[in-house]
Each structure stands twice: as structure tokens, then as C-alpha cells.
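Protein sequence lines, in the order shown, are assigned to chains A, B and C. Residue numbers are given in the numbering used here: position 162 of the first sequence equals residue 162, and the series is strictly consecutive. To convert, count from 1 in the second sequence and add 1000; that's the numbering used here. To convert, count from 1 in the third sequence and add 2000; that's the numbering used here.
Just so you know, the hints here were simulated from the structure itself, not pulled from any lab data. These figures come from a predicted structure and were not determined experimentally. Glycine included, C-beta positions come from ideal geometry on N, C-alpha and C. Any given hint might turn out to be false.
[Claimed, not checked] Keeping only pairs whose Cα atoms sit at most 20 Å apart, straight-line, the calculated EDC-like set for lysine to aspartate or glutamate is:
| no. | chain 1 | residue 1 | chain 2 | residue 2 |
| --- | --- | --- | --- | --- |
| 1 | C | K2050 | A | E539 |
| 2 | A | K285 | A | E302 |
| 3 | B | K1011 | A | D364 |
| 4 | A | K367 | A | D195 |
| 5 | B | K1022 | A | D389 |
| 6 | B | K1067 | B | E1082 |
| 7 | C | K2050 | A | E302 |
| 8 | C | K2050 | A | E548 |
| 9 | B | K1041 | B | E1056 |
| 10 | A | K80 | A | E274 |
| 11 | B | K1022 | A | E8 |
| 12 | B | K1019 | A | D356 |
| 13 | A | K313 | C | E2173 |
| 14 | A | K218 | C | D2047 |
| 15 | B | K1061 | B | E1082 |
| 16 | C | K2050 | A | D480 |
| 17 | C | K2069 | A | D554 |
| 18 | B | K1022 | B | E1047 |
| 19 | A | K553 | A | D567 |
| 20 | C | K2050 | A | D554 |
| 21 | A | K80 | A | D106 |
| 22 | A | K313 | A | D232 |
| 23 | C | K2050 | A | E598 |
| 24 | C | K2050 | A | D389 |
| 25 | C | K2050 | A | D451 |
| 26 | A | K333 | A | D195 |
| 27 | A | K218 | A | D356 |
| 28 | A | K168 | C | D2169 |
| 29 | A | K411 | A | D364 |
| 30 | A | K313 | C | D2169 |
| 31 | B | K1061 | A | E302 |
[To be verified] Between beta-carbon pairs, the in silico distance windows are:
| no. | chain 1 | residue 1 | chain 2 | residue 2 | range |
| --- | --- | --- | --- | --- | --- |
| 32 | C | A2114 | A | D451 | 23 to 31 Å |
| 33 | B | A1018 | A | T404 | 31 to 39 Å |
| 34 | A | G610 | B | K1022 | 44 to 52 Å |
| 35 | A | H99 | C | R2017 | 23 to 31 Å |
| 36 | A | R561 | C | H2137 | 51 to 59 Å |
| 37 | A | R574 | C | P2016 | 45 to 53 Å |
| 38 | A | R561 | B | G1059 | 41 to 49 Å |
| 39 | A | H99 | B | G1059 | 56 to 64 Å |
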Amino acid sequence: MALLHIAEPGMSAEPHKHRLAAGIDLGTTNSLVATVRNGIAVCLPDEQGRTMVPSVVRYRTDGSIEVGQSAVRAHATDPKNTILSVKRLMGRGLRDVAHVEAMPYDFMDSDGMVRLRTVQGVKSPVEVSAEILRVLAARAEASLGGELTGVVITVPAYFDDAQRQATKDAATLAGLNVLRLLNEPTAAAVAYGLDNAAEGVYAVFDLGGGTFDLSILKLSRGIFEVLATNGDSALGGDDFDHRIFCWVLDRANIAPHSREDGRRLLMKAREAKELLTVCEEVPIKASLQSGEEVNLVLTRDEFAHITEHLVRKTLAPMRKVLRDAGLAPEDVKGVVMVGGATRMPHVQRAVAEFFDQEPLNNLDPDKVVALGAAIQANVLVGNRKDEDDWLLLDVIPLSLGLETMGGLVEKVIPRNATLPIARAQEFTTYKDGQTAMAFHVVQGERELVSDCRSLARFELRGIPPMVAGAARIRVTFQVDADGLLSVAAREMSSGVEASVLVKPSYGLSEHEIAEMLRQGMDHAGDDMTARALAEQRVEAGRVLEAIEQALAKDGELLDARERMQIDQSMAALRATLDGADHHAIRQAIDTLSRATDEFASRRMDKSIRGALAGRNINEIEV
Amino acid sequence: MGITLSDSAAKHVAGFIAKRGKGIGIRLGVRTSGCSGMAYKLEFVDEPEEGDLVFESHGLKVVVDPKSLPYIEGTELDFVREGLNEGFRFRNPNVKNECGCGESFNV
Amino acid sequence: MGVDLQQDHFTLFGLPRRFGIDRAALDAAYHELHSEVHPDRHAHLPDADKRRAMQWATRVNEAYSTLSKPRPRACYLLQLEGLDAGFESNTAMTPDFLMEQMEWREAVEEARNAGDGDELSQLHVRLRHQAREQYGHLERLIDVDRDYDAAAELVRRLMFIEKLQHEIDDALEALET
Chain A
1 MALLHIAEPG MSAEPHKHRL AAGIDLGTTN SLVATVRNGI AVCLPDEQGR
51 TMVPSVVRYR TDGSIEVGQS AVRAHATDPK NTILSVKRLM GRGLRDVAHV
101 EAMPYDFMDS DGMVRLRTVQ GVKSPVEVSA EILRVLAARA EASLGGELTG
151 VVITVPAYFD DAQRQATKDA ATLAGLNVLR LLNEPTAAAV AYGLDNAAEG
201 VYAVFDLGGG TFDLSILKLS RGIFEVLATN GDSALGGDDF DHRIFCWVLD
251 RANIAPHSRE DGRRLLMKAR EAKELLTVCE EVPIKASLQS GEEVNLVLTR
301 DEFAHITEHL VRKTLAPMRK VLRDAGLAPE DVKGVVMVGG ATRMPHVQRA
351 VAEFFDQEPL NNLDPDKVVA LGAAIQANVL VGNRKDEDDW LLLDVIPLSL
401 GLETMGGLVE KVIPRNATLP IARAQEFTTY KDGQTAMAFH VVQGERELVS
451 DCRSLARFEL RGIPPMVAGA ARIRVTFQVD ADGLLSVAAR EMSSGVEASV
501 LVKPSYGLSE HEIAEMLRQG MDHAGDDMTA RALAEQRVEA GRVLEAIEQA
551 LAKDGELLDA RERMQIDQSM AALRATLDGA DHHAIRQAID TLSRATDEFA
601 SRRMDKSIRG ALAGRNINEI EV
Chain B
1001 MGITLSDSAA KHVAGFIAKR GKGIGIRLGV RTSGCSGMAY KLEFVDEPEE
1051 GDLVFESHGL KVVVDPKSLP YIEGTELDFV REGLNEGFRF RNPNVKNECG
1101 CGESFNV
Chain C
2001 MGVDLQQDHF TLFGLPRRFG IDRAALDAAY HELHSEVHPD RHAHLPDADK
2051 RRAMQWATRV NEAYSTLSKP RPRACYLLQL EGLDAGFESN TAMTPDFLME
2101 QMEWREAVEE ARNAGDGDEL SQLHVRLRHQ AREQYGHLER LIDVDRDYDA
2151 AAELVRRLMF IEKLQHEIDD ALEALET
């Protein structure tokens, strides 16, 4: 029996029409899921009251999959099949991954994103992440007593397109409807800003388990505007553990160790790091399988000394982000600290020195990202009234460009441009009768293609044959509010839409995703058709509800004939819902979409005019 | 008669209002819809509407519109936990049949 | 007033077509428009609505990024007045200006080679002051004198200054890493 929650005034849902939404912080070492319940954002605990799920997935020989705490325990005995820190592998090739030699996995050497051989076959990091997402979603559904309508998943602000796409693909595999990919520091700013009614320029310093982000935001009257972002998607608390680990090997003069010894020492290193947050010095003791004994004392000063270069690595992004925002450290009103690794005293000190002020620590740095994501998910799913909403304006972290002659990059979209953004470039053919063209899209700030991340190669086909130089092909790059790139192309003189075949450099093709989805369903004994039918019915319900609301509000924008057409298309869609043909439902949805296209334009125009109405009269002619 | 809150419900409502940072109480009500004819409404109240009836329970304001009252008169709002799920339940003496979902009923 | 994706940036924000801009009014209009069109406002709606929201929000961002910065705003205004924005092809500059540019460039080069971050920052500040002065001049040329040819000439000079500023940024960045 469903239990009720307190809704915002006037926002009670119809029975069975609750829009359940969750925010997911898919972290390198730990993940969390949060929701807004009774008007308050909360992280959802398991039966034991634990909110954090270790981001660890174990594939077992019996075909089952363990995620979280129980998988952590198995790491010692089954390292090859127990995947830790998979976030570091998302959208990455084998050569890009730091400390790959220290990872116990059986990597497959292939082009594109890394793959791992496990007892359950070859797995992509996307599939591993999907397992974590499934567990988090199941927890949310059990806690909310219903199916999730949508989720917001957070990603490091400095994630590139391939890493973002991989995250979204993982959600698709887990069967989740992603309302938005939200940048972690922005999520934290939402939780912090709303809690403290903050106004002015704030910096969010987010040092997680494996990623570092720094965002500068301007908060004013409900608008959260990201001015600039920077970071390092391969720097985090894990690197500090690793430094202590190396220090121990060096000081204890230990020879190359067994895998089990390595794991034990790394765990000791992590414990020491955490203890040094509260203690001035900690003992590190361990008896190894090799018979060697470790008995050392690590002081806070020594720890600060051996990790000084890591802390220094955060300084350059701090200077850069301020320069990009056109600000000086003293313009920043507050620095919000996010991520467990910001608990380290010398990190706090470095940030305090740089900004010449004490950083803000009044929200739990482990939870604040998930809470912000939940708050945003609640808005996006439509559980709040528009007028008391806030708005997030986020940016693209890294420039997008195309490869040109001589391996140089031509920038198409600059970093820190507000999303969504589109830019078009024109190209021409260089041979008579040429009907195809190839492009290479890269992301990064450097001038040479080889110094940037390769995102994709795409090919235009179906260009009408003309003499060389006569075709004018306009290629449009569109980056959406999730920070994801799509490419469209059109030959301008003939108006022919060229088809774009995209081959992601480190991502999965649509075909691969479909195949993984199918396999997953076979495994779960799920029926693909039944699932497609359920999905189309939900979508149909959503479309019908949205159009009914629009008609009630703005019906006068239509004349009688237009209205009749829409009514007919709605009736046609309703009729298909009784059947079991998901294709028919999809077709009816598409027909209805087309029938309401003009109506939707007029409604958008009306709301835009409404937004500008008051001001036009008062302020234009001054 | 009137409308009351259980101890547990009162404690949670007070906590939620405090954390939400605004609101003078909660609104209980019904509307016609749902699988068994009537559906419950449970919302925060920022300001009461004209004609609203206001009850007090455990020092908290419980607002009901006059049309809803006959259907929920005598209700005690409770807060319960079931596994990972937790939330409010209407203990309504007027109910004859309830939809299995607990969100709608008839009298 | 008709609203469509093709209208000019000033009309979109309900602002007069001038170089001298009321920044507060621009920011307010930008925020108000986004409150209506931003994809986050349409995330729970069907795909067709989401696509439309993305188009509109993209349009609003393009307009804002053009009008909120003086050099792109000037280029855009001149383009509306029918002046070709193909500035790169027209680089005939007075000898004095070119001389001055060379001196600047040498100063940047010197500071860079010496690894002198302070000097680079100083140069940056001086360039910013110079640019600000020129923008005052530009406002007069466009809004008062309506001398668009002279304005275009000045915009070209400002592009040189901008380029120098970028070079200094790059040099500073290189010093830090």
C-alpha cells in the first residue's frame, strides 16, 4: 500500500500518477541516491541505515552480480572479477587510464573504450556502471514505493563528451529515464545556495575519489549561472592513498609485493589518510604474507609533504577558472567544499590561502552532490510550480573542434560557452562529383589534434554531385543541456540533408547498446516486446497529459479546424493504447506530435512574449 | 471529532515544515478521482484559502476545505514505516472500500 | 511584436539597437527568456517540446553571448548595418598603429621569454585599459556619429588588442603548468 508524502501547495498528484524522481551521485569510490520527500532532500539509506554504496561490482561464477559492500569484501579473494573505481575507465581507452598497471583486471587491448574480461564475459565500463545504477534505482523505488519517472545523474564538470555519453549509456542500460546529466559542482551549488539563500559569486571546489572540479557560479535571484569551470578528471582522493602506499613501500623498504599484500597496504594507506583528518599522526602497522612487518608512523606534516604536488595540481585550474570568469580571488564571496577528499586539512589550507578566506564546510561533503541532484530531479520531473523555480545555466567545460590540414584543430565551440549551444561551419567539396566527406571531432584546448581527445569521426553521405567547390555543406554542432554533442549537416544550395554517420572514438555505437540491452533482458528473463510496450504506453500517457494541459491553458491559440485535428489525433492515440502493438502506439505518438507542432510553437511564442511584455514598455526607449 | 495527527505524524510534520523553511501547516483533503472514487490530498499550506477550516493538533495547524470535511471527518493522520518506505497514512473512519493502493477510497 | 527564431538579437531581448547597452536590462531579459525556454523547464514534456526548447535556448544563448561582450556586439551591429564582417580580409592599418602593435608584441615576447608573470599581468591590465578607452570611442562612432566605416576600422584595431590579450593568457597559462 502506497504511503503518502506532503506535496507542495496545489501540487498533489492524481492517484497512481506520482512523479517519482531521484538524484544519483555516481562516484568513483562511493555512490548515493537521494530524493525529495515531504519537501526535503534526503539521501536514501539501505536496511542497515547506510547511505553510501561503494562503487564496486563483482561478477560471480554462478552468473549473479554483487554490488556495494559485499563486493568490497570479495575484492581480496576475487580481484579480477571485482571492479573498483570504474568511473576512471568511462569513455577512456586503455592508454588514457592512469596507474593501469596497478589495476588487477584482465584488460582487453582493443580500440575504443577499454573492456574487461570477467568470469561473465567481456564487460564495458558502461555495463559495470549500469549495475551500480540498477542497485541505486532499486533502492529508490523500494523507498518511494513506486517506479521512478526520471533521474538526474551527476558527472564531474570536467568530464568530456565521451565520458558523459558513457554515463548516459549506462543509465539507458539500467533502464532509467535520464532527465539531465548534472555537473557535480553545480549540483552542490544548488543544495548549498538554496539552503543558505546565497547571492553573489561562489566557487565550488570538488575533490572526489577520482576527479577534481572547480566551478565559479554567480547566484542571483534564483539563477545559478556557471561562469567558468575547470578541473582534472584524473585527480582525486585515490591519488593521495596511492602516495601514502608508495611512501610505505619506500620507508619499510619492501620488495615487490603480492597482490594481497598490495591490497592490504592500500587499505592501510586509505585508513591513515582518513585518520590524519582528526589526528596529528597515525601508526601504520601490517603483517604481510611475505613475512615482512610494517611498523611506521605518518605525521600530518609528512603526509602534506609527500602529497604536496597533488595539492599543487589543483592550483593551476583555480587560476585558470578565475581568468576565464574574468575575476580575481577577492571577487569570490564563498568557497563551497565538496567531496570526501576536501576533508584533508592541507587541502583546506591550500584553498583558504588561495582565496584568502575560510572555505565553507557546513554541508556534508559526501552527500551534497546527491542532494542537489535530487532537488533538481524534483523540479525537472514537474513536481514544483514554475514560479518558485530556480534556473541552472551551465557551461561546456572543454572546447570542441574539428581536425584541419596538418593535424591542427579548428575550434568550433569554445569552452565555458553556456549550454545549450550550436555553431555552424560551412565546407565545400574539393573534387568534381564528390558525394561524401569525412570529419574528425576533437575536444580540448590544445592546437594539435594529437594533444586533444578524439571524440568521433563522422562521415557525410548523400551530398548531391556537383563540380568541385560548388557544394556548400553546412555542418551544425549542437551541444544540449547535458553537455552532449550531436552533429547535423545540410547541403545549402540544394537543401539536401546529408546523412551523418558517427563513429565514436571511445564510446559505444547505438548498435552495441541495443545488443547489450537485449543481452541484459535475456539474462533477466525480461521480454523485450513487453518492455517496449510498457515504455510506449508511459510515453503516450505523458504526451496526452501534456497536450491536455496545454489545451486547457492555451486552447484559444487554435482555430476550430486545428483543434479538431488535434482532438482526432489524440483519440487515435488513445485507441492504440488498448492494443498491444508498440509500433502502432509509437506511430500514433509521432502523428500527434506533428499535429501539435504548430500549437507548441505558438505556445512558446506566447510565453516568450509574456516574459518580455512588461519590460518592453518601460525600458526600451530611454 | 475533527482531524488529528498521531504523535509520530505530528513530529514528522513539524520537522518537515521546519526544514522546508516556510509554511503554516498542512492541508488534508479529498477530490473525486482515482480508482475507487475519491483521492486524498496532502499538501503544505503557505496561506489558508477563504472558507478553510483550521484544526489544531499537537500545536500544528491542520487545514481542511469545507467540501472535503464530510469525507474525512474523524481522520487521524499517521506516519508509518514499511521496509525502506515511509510516509503518511489516513486513518479514516468514513471509508467503506479502499483501493489497494491506499491513495483512493469511497464512502 | 512577432517572435521568431530569425529576429535580430536586440529585438529578441526587447532592447534598442545601439552599441551602448543597458547591461542590467540585457541580463534581466536573458534570465526572463530562459525562465520560459530553457530545456530544464520542459524536461518533463514530450520530446517535441524538448527539442523546441533546446532550439530556443540555443538561440537565446547565441544572442546573449553576442550582445554581452563589446567586440562581438560591435561586429554584429555593423553587420546589421550592412557592413561585411569579414574583417580578416581587410587588414590595412595605419603605420602608427602597426608600429604600436609591434612594440606591444615585443613586450609580451620579452616577458614570456623571461618567464615574468607579473610583467605579463601588468601588460594585460594596460591592454584592458586601452581597450576600455577605445570602446568609449566606438560607442560615439556608432550611436552618435553613425560613422560605421570609422567604427569598422576601430573594431579591427580592437581585434588586434583582443588577440594580444589571448596571447598573454596563453603565456600565463604556459608559465603555470
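Each hint, compared with the structure:
| no. | hint | verdict |
| --- | --- | --- |
| 1 | C:K2050 - A:E539 | holds (14 Å) |
| 2 | A:K285 - A:E302 | holds (17 Å) |
| 3 | B:K1011 - A:D364 | violated (24 Å) |
| 4 | A:K367 - A:D195 | holds (14 Å) |
| 5 | B:K1022 - A:D389 | holds (15 Å) |
| 6 | B:K1067 - B:E1082 | violated (32 Å) |
| 7 | C:K2050 - A:E302 | violated (54 Å) |
| 8 | C:K2050 - A:E548 | holds (17 Å) |
| 9 | B:K1041 - B:E1056 | holds (18 Å) |
| 10 | A:K80 - A:E274 | violated (27 Å) |
| 11 | B:K1022 - A:E8 | holds (11 Å) |
| 12 | B:K1019 - A:D356 | violated (32 Å) |
| 13 | A:K313 - C:E2173 | holds (13 Å) |
| 14 | A:K218 - C:D2047 | violated (30 Å) |
| 15 | B:K1061 - B:E1082 | violated (27 Å) |
| 16 | C:K2050 - A:D480 | holds (10 Å) |
| 17 | C:K2069 - A:D554 | violated (37 Å) |
| 18 | B:K1022 - B:E1047 | holds (10 Å) |
| 19 | A:K553 - A:D567 | holds (15 Å) |
| 20 | C:K2050 - A:D554 | holds (18 Å) |
| 21 | A:K80 - A:D106 | holds (6 Å) |
| 22 | A:K313 - A:D232 | holds (9 Å) |
| 23 | C:K2050 - A:E598 | holds (14 Å) |
| 24 | C:K2050 - A:D389 | holds (18 Å) |
| 25 | C:K2050 - A:D451 | violated (35 Å) |
| 26 | A:K333 - A:D195 | holds (16 Å) |
| 27 | A:K218 - A:D356 | holds (19 Å) |
| 28 | A:K168 - C:D2169 | violated (34 Å) |
| 29 | A:K411 - A:D364 | violated (39 Å) |
| 30 | A:K313 - C:D2169 | holds (19 Å) |
| 31 | B:K1061 - A:E302 | violated (58 Å) |
| 32 | C:A2114 - A:D451: 23 to 31 Å | holds (26 Å) |
| 33 | B:A1018 - A:T404: 31 to 39 Å | violated (60 Å) |
| 34 | A:G610 - B:K1022: 44 to 52 Å | violated (26 Å) |
| 35 | A:H99 - C:R2017: 23 to 31 Å | violated (57 Å) |
| 36 | A:R561 - C:H2137: 51 to 59 Å | holds (57 Å) |
| 37 | A:R574 - C:P2016: 45 to 53 Å | holds (50 Å) |
| 38 | A:R561 - B:G1059: 41 to 49 Å | violated (59 Å) |
| 39 | A:H99 - B:G1059: 56 to 64 Å | holds (58 Å) |
Checked against the numbered hints listed earlier, the structure breaks hints 3, 6, 7, 10, 12, 14, 15, 17, 25, 28, 29, 31, 33, 34, 35 and 38; every other hint is satisfied.
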